[in-house]
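Trainee: Got chain A sorted already, so can you dock chain B onto it with the hints?
Heads up: the sequence lines are chains A and B, in that order.
Read in order, the letters of the first sequence correspond to residues 153 to 337 in my numbering.
Read in order, the letters of the second sequence correspond to residues 23 to 303 in my numbering.
Read the hints as simulated data drawn from the structure, not as lab findings.
Which chain A residues face chain B? A few, computed with CB under 10 angstroms, are given here:
| no. | residue |
| --- | --- |
| 1 | 168 |
| 2 | 192 |
| 3 | 273 |
| 4 | 278 |
| 5 | 288 |
| 6 | 289 |
| 7 | 293 |
Away from chain B, derived, C-beta distances all over 12 angstroms, residues of chain A:
| no. | residue |
| --- | --- |
| 8 | 212 |
| 9 | 299 |
| 10 | 300 |
| 11 | 303 |
| 12 | 309 |
| 13 | 311 |
According to the in silico footprint, chain A covers these stretches of chain B (three or more CB under 8 angstroms from chain A):
| no. | region |
| --- | --- |
| 14 | 29 to 39 |
| 15 | 51 to 64 |
A virtual CB, placed ideally from N, CA and C, is assigned to each residue, including glycine.
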Amino acid sequence: MELLDLDRLRQRDSLAWGQLYDLCAQRTYRVLYHVTKAEQNVLEELNQAVWLAAIETIDRMDGTRGTPQDWILGVARFQGLTYLRRKYRNRVVTVGSGASFPIFDEVTPDLERRTERLGLLRACIESLPENWQFILRQKYEQGMSVKEIAESSGSTVKSVESVLSRSRSRLREMARATPDEEGWK
Amino acid sequence: MTSAEDFSEADLRDAYDSVPDAESPSRTHLEGLRRELLLRTVQISDRTKFVADEPSRSKPWGRFFWLSVAAVVAVSVTAFLVAKPDQNGAITSFRQVLFETGRHPWVHGQTRVEFEANVHEFETWFSPSERLAAMRSPQLIQHTDFSTGRQVTFDRNSQQLTQGLANPHSEDFGRALILAILHDGDLQGAMPFHRVSDLRKLEVLEDGARLLRYQFQVAWRSNTAVGWETTVWVDVESQLIRSWEERHSNGTTVVTRFDYPADGPRDMSALGVPQDVMIRE
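So here's chain A without its partners, still in its complex pose (with noise of 0.2 angstroms):
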């Protein structure tokens, strides 16, 4: 896509960034949801300062392994860990300014691993390409067959299971590659 070509991402383009902000601000904001579980607040902190260390960090970013989105998405992925990890150390954490308190729920340790562990799955799904996650979401959520999804959506069989062959390949590759900070290791 032109406007979202990494030369102009790395000038500071406003087009190339007014764009990819719209292509993706809602979805870091899910996946930050649904990594931390954090509050509104929290989130929006956060969400910013994916965004804020999005535009310092894109001379940093390897073009040859994935699009701005796909980047923009790893970079939200490590910025919603990141916070998990310094609630988990410190147990007190404060985002930028005006930021509330986590509230922690008296939950078992295996119970609060489990949660978190599909969330970051959830995060790691809110990361796939919008037309896998549909697929995903009517072979997971619906709990629809291949060939009712195929049916449903006038593809055929194959290309189905080949969708979701793929999404679950790249979910473990993102599962198994903690981001660093840019992103992409």
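Mentor: Leaving out everything else, chain B in the frame of chain A:
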């Protein structure tokens, strides 16, 4: 932290069943962050001009007159241009502060400039809806209609009244700043020969009142050692800007305190200029 690396098919189902869909971010957040992000960008087509052009040199006090007007206008015109009737609620961005402040019919600033042992004071007014601005100092009175570009100046020493068009390329006059705001609607656009950076927000308590402090840095593109830090104090409850402070690299400080009158000077006579003075073109 546990990893989701070894997830199963059941995990995928649970991820949908157990984890609620995320709520969408608020429009206020999205708009405010978008503006903040774009403050850090440039328009590619304008970049060559930015680098090549030098800022005009200013007369010491004349520049600060219009810095003050610029502060009022930066608050007001920007807000006027982007006003959206459904914006309300807590202030989460400087963008919204500008919007809220600009809703007032008139913005009045009382400015104090200090440089070494010198102190200078003057007043500025701006009406976002009527596109009028005015400045009154011990030496000079000026009134500008932004919708027509007509500016009238009264020299209090010579008692002469002159009328002309605003010079859009003179920073002394401040028109460039105003036009840039009208064109771009953001701080970077407001100061095309400068780099605006490091916008920060902090909430503080002062005598029991909740205030938001916004700070950003401005530097000349041609000489980044020259610039200033702007601090804007905002009352959280009223969502209005209390003061706009600039601390320049040469030691000058410019502090403008705002109030929001219902009415303001619509012509020179309202600023105290005798009506029988002849205007020279």
